[in-house]
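Participant: Residue-level listing of the chains:
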Amino acid sequence: MVGYLTSLAIFIATYALFSLGLNLQWGFTGLINFGHVAFLTLGAYVTVLLSLNGVPIILATAAGGLCAALLGLLIGLSTLRLREDYLAIVTIGVAEVVRLIALNEEWLTKGTRGVYSYPLPLDKLAPNIAVKLGMIGILAGIFGMGLWQLWKWVSVLPNEDNAVPSVRRLTRSSLPFFVGYGLCLTVLAVILWLGFSVDFGFLFVAVVPLALGVGIPYLQFKQPIAHFKQQPWGTHGAIAIATFTFSVVMMAFWADVLGLWDYTYKAGLMWLLVVSVAIVFWRLEALVNSPWGRVLKAIREDEDVAKALGKNVFRYKLQSLMIGGAIAGLAGSFYAWQLTFINPDGFISLLTFQAWIIVVLGGSGNNVGTLLGSLIFWAYDAATRFLLPVLLPLDDARLGAFRVMVIGLLMIVLMMWRPQGILGKKDELSLGR
Amino acid sequence: MSYPLEDNPMTASQLSPLLSANGLCKSFGGIKAVQNVTLEVEQGKIVGLIGPNGAGKTTLFNLLCNFISPDQGSVLFDGKPIHTMPCHSIALQGMVRTFQVARVLSKLSVLDNLLLAAPHQTGEKLSNTWVFAQRPSIVNEEKRLRNRAAEILESVGLSHMIHAYAGSLSGGQRKLLEMGRALMTNPKLILLDEPAAGVNPTLIKQICEHVKIWNQQGITFLVIEHNMEVIMSLCDRVWVLAEGQNLMCGTPTEVQSNAKVLEAYLGN
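Chains A and B, in that order, are what the protein sequence lines are.
For the first sequence, our numbering gives the first residue as 1, with consecutive numbering after it.
For the second sequence, our numbering gives the first residue as 1, with consecutive numbering after it.
Bear in mind the hints are in silico, worked out from the structure with no lab data behind them.
Certain hints may be false.
[Unchecked claim] With a straight-line cut-off of 20 Å between C-alpha atoms, the simulated SDA-like cross-links for lysine to any residue are:
# : chain 1 : residue 1 : chain 2 : residue 2
1 : B       : LYS125    : A       : GLU303
2 : B       : LYS125    : B       : LEU92
3 : B       : LYS125    : A       : ALA286
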């Protein structure tokens, strides 16, 4: 179970990194990139092949990111002066070209047989107690910051319909619950670690917290049900998402702490990934809130205005495409390290569209939303993988198809009910030009 | 050339024009939108550009700013040829345009719309922001720009909307914001494309007042406008276009009483 949770967390974080790149390009600059997987592929292959040939792993990773950025430069130079739909077309093509090169240039990439037994980061690490504690401390710091951000988001939720009591009061009053729940999860993590059934675990992580998180804050009132009914659905949804996120994050945290303690490669990789995501996220936030980011947002809305005001639109688009590409390239390295075997089948266009789902789900142009989108996407994947067989008497193939169908359905519902994504700002949608 | 440039004592020969366009041509397929058009804007003046719908006024604006590159002809601004420059460099030279239908960045705040416009910002360069976006030079610059933006908003009467989304402004307010935004670029010349279109009479007066005040502060204007009152009250000179060609140029009174102009507007 700990191993599984670690893998899940690695998936969440890798896709979060991958999607953060897309969010810079699409969410902030408005570039339609339908070939994001090309950057991931290039990052993965360059890193792996260089490190196989004896280049230190950190340099190989940097080279992977750099190559992905150069690919962005190439795509940008050839298409960014055209209308934006051309970029969409060209990026799809580039992604296929990159994958086909990986498939056919066997002298370099071994084709479908794939590349394996390449060096992995931190795999031979045998940390002593001080290093372990240090790593756990850094991890705790990052997760603490994350939870603090989550908390801030919930407690400043706008009280849309002026419903009483305010969301702020609700969330404040549920703080003890969150803390107690975190402790419960800790105990649960240990119980699961000792070997409980997986079905039971996911029922506990996914369903029970949702019910408790949404319900418990209302127990402070004399008529909890009446108060519950007064709140708009948005509030229940927000608290449910917050609780769910909280439980997944806590589980992942404890899984990694346990993994780091009895040091395993996966736990080390997860640690490295969490640190990378944190750094990338932090830098991206600084960038998009700087004057540089302001220009990007202006370009997203109206290129001509940015041009008329003396901004070199082409250069900004190029920069955005390159940085987004480099981030995806870094995600590619982690993707390869986590799989420990790569071949071109692992880099199909589906990945691009999963990144799109994550970005749109969380709310385009919102980095926190992208992180949340990745978490919800993969938690959904995991929860249905284990829950559905219990609930539905279908064979594996049909269940697989059913799960994808439900994702599509959920996206449609989300687009109808909340077209701006979970964390997007509704005001911005209703504003005309 | 058939228009009476030489008759007027206050012409190019004496005051070197801030902006001058010579022999501009542009065709879209078979349609000759602008043919051999010449235009001069003298330093410190408010110059009008009128003509019936479809005369090519907005196309001319686009040519001047190189939003569309001319087939033939040249544009000189401040003594430098600008028809070969990309449009963002033209704006940085000190010539900024507004749009016929006000184009504000509706999902940014009113303040951000203005801050965006400031030229040559340190924090705009990726090389300055990617490691340390909160460095003092950037923070101080932002503070300075905020103060300047607040001043401009105060002067156009939008300070109460400073943190609102620009998309929530009314049509007239958007025109004002767009002008404020143009002002924020520290321009020498502002090209206004129909500043009074779709704006209520009170606000039109306000806009005219602002243009006059800014003109006294040393900014030159080139104004496309259909509203003759605005033209009469603002402009020192008026250029008339019809069917993509120069028709005449003169003072507003001259233009108003000119038979050719009346014919172009009203037909025979």
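Participant: State for each hint whether it applies.
Facilitator: Hints and how they fare:
no.: 1; hint: B:LYS125 with A:GLU303; in the structure: 18 Å, holds
no.: 2; hint: B:LYS125 with B:LEU92; in the structure: 15 Å, holds
no.: 3; hint: B:LYS125 with A:ALA286; in the structure: 13 Å, holds
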